[in-house]
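Participant: So you can see what is in the structure, the chains are spelled out below.
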Amino acid sequence: MSLSLGTGVDAAIRAHGVETYPNECCGALIGRDGAVTATYALPNTTEEGPRRRFLVRPSDYREAEKRAAEAGGDLLGFYHSHPDHPARPSQYDLDHAWPFFSYVIVSVREGVSEDMTSWRLREDRSAFDPEELRSA
Amino acid sequence: MANTINIPTPLRPFTDKKESVEVSGATVGELLSDLTKKYDGLRKHLYTDEGKLRNFVNVYLNDEDIRYLQKEQTPVKAGDTLSIVPSVAGGR
Numbered sequence: 001m002s003l004s005l006g007t008g009v010d011a012a013i014r015a016h017g018v019e020t021y022p023n024e025c026c027g028a029l030i031g032r033d034g035a036v037t038a039t040y041a042l043p044n045t046t047e048e049g050p051r052r053r054f055l056v057r058p059s060d061y062r063e064a065e066k067r068a069a070e071a072g073g074d075l076l077g078f079y080h081s082h083p084d085h086p087a088r089p090s091q092y093d094l095d096h097a098w099p100f101f102s103y104v105i106v107s108v109r110e111g112v113s114e115d116m117t118s119w120r121l122r123e124d125r126s127a128f129d130p131e132e133l134r135s136a
Numbered sequence: 137m138a139n140t141i142n143i144p145t146p147l148r149p150f151t152d153k154k155e156s157v158e159v160s161g162a163t164v165g166e167l168l169s170d171l172t173k174k175y176d177g178l179r180k181h182l183y184t185d186e187g188k189l190r191n192f193v194n195v196y197l198n199d200e201d202i203r204y205l206q207k208e209q210t211p212v213k214a215g216d217t218l219s220i221v222p223s224v225a226g227g228r
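Protein chains in written order, with the working numbering: chain X, 1 to 136; chain L, 137 to 228.
Errors might be hidden in some of the hints.
To be verified - Beyond 12 angstroms from chain L on every Cβ pair, some chain X residues (computed):
1. 37
2. 94
3. 107
4. 111
5. 123
Claimed, not checked - DSS-like mimics (lysine-lysine), calculated; alpha carbons at most 27 angstroms apart, straight line:
6. L:153 x L:174
7. X:66 x L:154
8. L:180 x X:66
9. L:180 x L:154
10. L:153 x X:66
11. L:207 x L:173
12. L:153 x L:173
13. L:173 x L:188
14. L:174 x L:188
No lab work stands behind these hints, which were simulated from the structure alone. Computed from a predicted structure; not experimentally measured. No residue lacks a Cβ here, since even glycine has one placed at the ideal position from N, Cα and C.
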């Protein structure tokens, strides 16, 4: 498994993570066949504390699917930031993960973006597997 | 009685890539049960090990969240459409 990020995608995710720091950012990944061509920034609507959680509510999810279809692509997954925390999925991420989607995580330390990784849920839901992330 | 269930992107690999599936039943729960009977791979992504709908799985009857109706006991009539809509959540 691998995910390629088209021109400007890597920068857009990092910029969103920096903008919302020290809170988590989130957004949709739109593209086709493992190639992300666009991001769609979404509001973090969590009520559990945005410094350590994010939530994409169903109405925003529907809008993201609609945007992907209008762009002639698919919804490939979601990105979010881990403020002052490594770019590794947590148990909470695993408990809430959907199959098929790529989960891109960017670590933002003291307002500066660092590592970016991507993960896919195993079919039996037991763990995430890392996937190769390539940027244009 | 046939009804349609709209399937979100991450679950389509389990429904032969279909965006919607025809199912039958008298309640929301029966429609979902018919769906997982047809596509068994969906079950663990929709339900917990205890058989409850996962809390980030939202089910809409037409445009109404079933949590505000009678949940899985909500009766359905011919032509009603069910939609499974993910909440996407995570964090450190």
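Participant: So, for every hint listed, does it hold in this structure?
Facilitator: Hints and how they fare:
1. Against the 12 angstroms criterion, residue 37 of chain X stays outside the reach of chain L, whose nearest CB is about 16 angstroms from its own CB.
2. Residue placement check: residue 94 of chain X does not keep its beta carbon more than 12 angstroms from all beta carbons of chain L (closest about 9 angstroms).
3. Its closest Cβ contact with chain L, about 9 angstroms, brings residue 107 of chain X to no more than 12 angstroms, contrary to its assignment away from the interface.
4. Distance check for residue 111 of chain X against chain L: the nearest CB is about 16 angstroms away, which clears 12 angstroms, and the non-interface claim stands.
5. Distance check for residue 123 of chain X against chain L: the nearest CB is about 8 angstroms away, which does not clear 12 angstroms, and the non-interface claim fails.
6. For the hint pairing residue 153 of chain L with residue 174 of chain L, the CA-to-CA distance comes to about 14 angstroms; that is within 27 angstroms, so the pair holds.
7. With a C-alpha separation of about 16 angstroms, the suggested pairing of residue 66 of chain X with residue 154 of chain L holds against the 27 angstroms cut-off.
8. Between residue 180 of chain L and residue 66 of chain X the CA atoms are separated by roughly 26 angstroms; this keeps the pair inside 27 angstroms, and the hint holds.
9. Restraint check: the Cα-Cα separation between residue 180 of chain L and residue 154 of chain L comes to about 18 angstroms, which is no more than 27 angstroms; the hinted pair holds.
10. The suggested pairing of residue 153 of chain L with residue 66 of chain X holds, with an alpha-carbon distance near 17 angstroms, which does not exceed 27 angstroms.
11. Between residue 207 of chain L and residue 173 of chain L the CA atoms are separated by roughly 20 angstroms; this keeps the pair inside 27 angstroms, and the hint holds.
12. Restraint check for residue 153 of chain L and residue 173 of chain L: the C-alpha separation of about 17 angstroms stays at or below 27 angstroms, so the hint holds.
13. Between residue 173 of chain L and residue 188 of chain L the alpha-carbon distance is near 16 angstroms, which keeps this suggested pair within the 27 angstroms criterion.
14. Restraint check: the Cα-Cα separation between residue 174 of chain L and residue 188 of chain L comes to about 19 angstroms, which is no more than 27 angstroms; the hinted pair holds.
Consistency note: the structure conflicts with the earlier hints numbered 2, 3, 5.
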